[in-house]
Amino acid sequence: MREIFTMWRDTRMIMLVAVVAAVYAAVLIPFQTFQIIPGITSIRPANVFPVIFGIMFGPAAAWGSAIGNLIGDIFGGTFGPGSVGGFVGNFTFGLIGYKLWGNLTPLSSRVEPDFRENAGVQLVEYAVIAIAASAACAVIIAWVVDLLGLVPFAVLGPTILINNSIAAIVLGPPLLYLTYPRLKEMGLLYPDLLRSEDLSSAGSNLNPIAAWGLVVVPLVWLGVGFLLSTGAGAGLTSVTALGAVGILVLAACAVIVGERLSTIVGRV
Amino acid sequence: MSATSLYVDRGTWIHRLDARSTLAFVLAIFVSGYIFDDPRFAAVPLVVAFVSLIAVGGWPNFKRLSPIVAALFVVGLVVWPLFTGPGGPTVIDLGPLVLSERELLFALGRSERIAVFIVGGLLFVTTTSNEEIVSGMRQLGIPFAFCFAVGTALRLFPTFIDAAGTVKQAQEARGLDLSDGNLIERLRSFVPLLVPVFMTAFRNVNTQSMALEARGFDTRRDRTFYGASSMGGIDWAVTVASLVVIVGVVGLRLAGYGTL
Numbered sequence: 001m002r003e004i005f006t007m008w009r010d011t012r013m014i015m016l017v018a019v020v021a022a023v024y025a026a027v028l029i030p031f032q033t034f035q036i037i038p039g040i041t042s043i044r045p046a047n048v049f050p051v052i053f054g055i056m057f058g059p060a061a062a063w064g065s066a067i068g069n070l071i072g073d074i075f076g077g078t079f080g081p082g083s084v085g086g087f088v089g090n091f092t093f094g095l096i097g098y099k100l101w102g103n104l105t106p107l108s109s110r111v112e113p114d115f116r117e118n119a120g121v122q123l124v125e126y127a128v129i130a131i132a133a134s135a136a137c138a139v140i141i142a143w144v145v146d147l148l149g150l151v152p153f154a155v156l157g158p159t160i161l162i163n164n165s166i167a168a169i170v171l172g173p174p175l176l177y178l179t180y181p182r183l184k185e186m187g188l189l190y191p192d193l194l195r196s197e198d199l200s201s202a203g204s205n206l207n208p209i210a211a212w213g214l215v216v217v218p219l220v221w222l223g224v225g226f227l228l229s230t231g232a233g234a235g236l237t238s239v240t241a242l243g244a245v246g247i248l249v250l251a252a253c254a255v256i257v258g259e260r261l262s263t264i265v266g267r268v
Numbered sequence: 001m002s003a004t005s006l007y008v009d010r011g012t013w014i015h016r017l018d019a020r021s022t023l024a025f026v027l028a029i030f031v032s033g034y035i036f037d038d039p040r041f042a043a044v045p046l047v048v049a050f051v052s053l054i055a056v057g058g059w060p061n062f063k064r065l066s067p068i069v070a071a072l073f074v075v076g077l078v079v080w081p082l083f084t085g086p087g088g089p090t091v092i093d094l095g096p097l098v099l100s101e102r103e104l105l106f107a108l109g110r111s112e113r114i115a116v117f118i119v120g121g122l123l124f125v126t127t128t129s130n131e132e133i134v135s136g137m138r139q140l141g142i143p144f145a146f147c148f149a150v151g152t153a154l155r156l157f158p159t160f161i162d163a164a165g166t167v168k169q170a171q172e173a174r175g176l177d178l179s180d181g182n183l184i185e186r187l188r189s190f191v192p193l194l195v196p197v198f199m200t201a202f203r204n205v206n207t208q209s210m211a212l213e214a215r216g217f218d219t220r221r222d223r224t225f226y227g228a229s230s231m232g233g234i235d236w237a238v239t240v241a242s243l244v245v246i247v248g249v250v251g252l253r254l255a256g257y258g259t260l
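Quick mapping for you: the protein sequence lines, in order, are chains W and C.
Quick note on the working numbering: the first sequence kicks off at 1 and runs consecutively.
Quick note on the working numbering: the second sequence kicks off at 1 and runs consecutively.
There could be a bad hint or two in this list.
As the list claims (entries may be wrong) - So these bits of chain C aren't anywhere near chain W, every CB distance computed over 12 Å:
#1 R10
#2 T12
#3 A43
#4 P89
#5 A163
#6 F202
#7 F225
#8 S229
#9 L243
#10 V247
As the list claims (entries may be wrong) - Now the stretches of chain C that chain W is said to cover, found in silico as 3 or more residues with beta-carbon under 8 Å:
#11 97-107
#12 215-224
In short, the hints are calculated from the structure, not lab data.
We put the CB at the ideal spot given by N, CA and C, even for glycine.
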């Protein structure tokens, strides 16, 4: 997990953070007018970026997604205390892709995410990752927004999950198919940029459990949180406590899980 | 005000504040909006934020975002009664729709809170330029590398928005219809737009990094900012007054004011 911090030493990783953030914000802002539920959510094709950039650019995509969403809030006019939730939620949205690719045994395709080999298995692996990342982003934002008393968890959590998942699942595979080989050729994949000693190893026995934890924990958090939130009154307090536990478990899983793409591309 | 910025270049006293003082002022508005459930109390920071926004020339920004503010206000009014317990006399009784006084006041308070946060945030971005935001972040102790990434992203993204617009026009000229079909089909039609936009963006990462390193870019050394400002007397006065307001509203709440 230390690559999250050590990546800030590398100039190209820093530039990647800036470019990911700029691309994410640039595609987020023009589509804020395409409202699904007015004021709550809009059609966000940009939601595909944290997942596919996460798989390709690793920690740079996590920071880039967080900053890009913050810029989207600032220029979209929704900057406020809820932006803290948006920052952490979008950071996790970008983090989960590179933590999970190749780690979801026995479901993993164990090949590069270019949809040229074992495309069916890759599609399933990608869809699970997209849903897990979307769910993690959804529960964190919904938890913070509920904590701030803006929108109840039960309203926002499922909305963000569905909105993020649809964009990521529909747009992700074709975008990866078209861009992954070119970006690899440019030497911009995170295993090419980070020093091998900075890459977190996936050798631990706990790795598969923690990897599936990153899939299951957000979905359980969403389900239980939804039930507690709709329980009304005192239930709102429990959503707060559930979120505190959920974010700690998610963080623990993320620390334990090592990345696999560097092994798949033969970097280590 | 450009299409990609909400900053309004004026010389008002809030514009002249150091970014840290503006943040403290806005933070006081946020805390005041958050602390009270009773809409009569929550209305005070809302009025202060709105009047301040208009005074600094933020009316065009508010007008631009008013559909979102109105929509969120209505959503809050509709949703929150379902998530809180009834209390007090019945205010609305329309068959299946029964609203008690407590439910109505609670929902109104939450909607006002949403509005306080949006208008407060708008006040901050209306009076603080991108450069001031980035140098303010650095002066608050946020690491230089992070501030550099934010600053670079802020400078790059209008370029990418323009690129996205150009690609969109080019693809539409070739027959791409973004408004046709169901949600999935519409999302799929964005692929021909997104690929050129982000390949253009990433093509320059290596060159830009080399240019930075050639000019001695080093994130571990302390850097200076051309536009960095220092805290003057008015900045300290606003910061202290904001802290007093924060302590005051927390005290009022602990004393039982503003609850339902």
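Inset, instruction - Decide, holds or violated, for the assertion that all CB atoms of chain W are farther than 12 Å from the CB of P89(C). - result: holds (19 Å)
Legend entry - chain W over the region 215-224 of chain C, status - at least 3 residues with CB closer than 8 Å: holds (count 3)
Legend entry - Nearest-CB test (12 Å) between chain W and F202(C): violated (6 Å)
Inset, instruction - Decide, holds or violated, for the assertion that all CB atoms of chain W are farther than 12 Å from the CB of T12(C). - result: holds (19 Å)
Legend entry - Interface exclusion of F225(C) relative to chain W, criterion Cβ beyond 12 Å: Label holds. Min Cβ-Cβ 17 Å, cutoff 12 Å.
Legend entry - Whether S229(C) stays farther than 12 Å from all C-beta atoms of chain W, as the label says: Given that every Cβ of chain W is farther than 12 Å from that of S229(C), nearest at about 20 Å, it holds.
Inset, instruction - Measuring Cβ to Cβ, find out whether A43(C) lies farther than 12 Å from everything in chain W. - result: For A43(C), whose nearest Cβ neighbour in chain W is about 16 Å away, the distance exceeds 12 Å, so it holds.
Inset, instruction - Just double-check A163(C) for me: nearest Cβ-Cβ distance to chain W has to come out over 12 Å. - result: Contrary to the label, A163(C) does not stay out of reach of chain W, its closest Cβ about 8 Å off (not over 12 Å).
Inset, instruction - Over 12 Å to the closest beta carbon of chain W is the bar; see if L243(C) clears it. - result: holds (17 Å)
Inset, instruction - Establish whether the coverage given for the region 97-107 of chain C by chain W is satisfied; the threshold is a Cβ-Cβ distance below 8 Å, and no fewer than three residues must meet it. - result: n = 0 at 8 Å, threshold three: violated.
Inset, instruction - Just double-check R10(C) for me: nearest Cβ-Cβ distance to chain W has to come out over 12 Å. - result: It holds; R10(C) is separated from chain W by about 18 Å at its closest Cβ, greater than 12 Å.
Legend entry - Whether V247(C) stays farther than 12 Å from all C-beta atoms of chain W, as the label says: holds (18 Å)
Hints 5, 6 and 11 from the earlier list are contradicted by this structure; the remaining hints agree with it.
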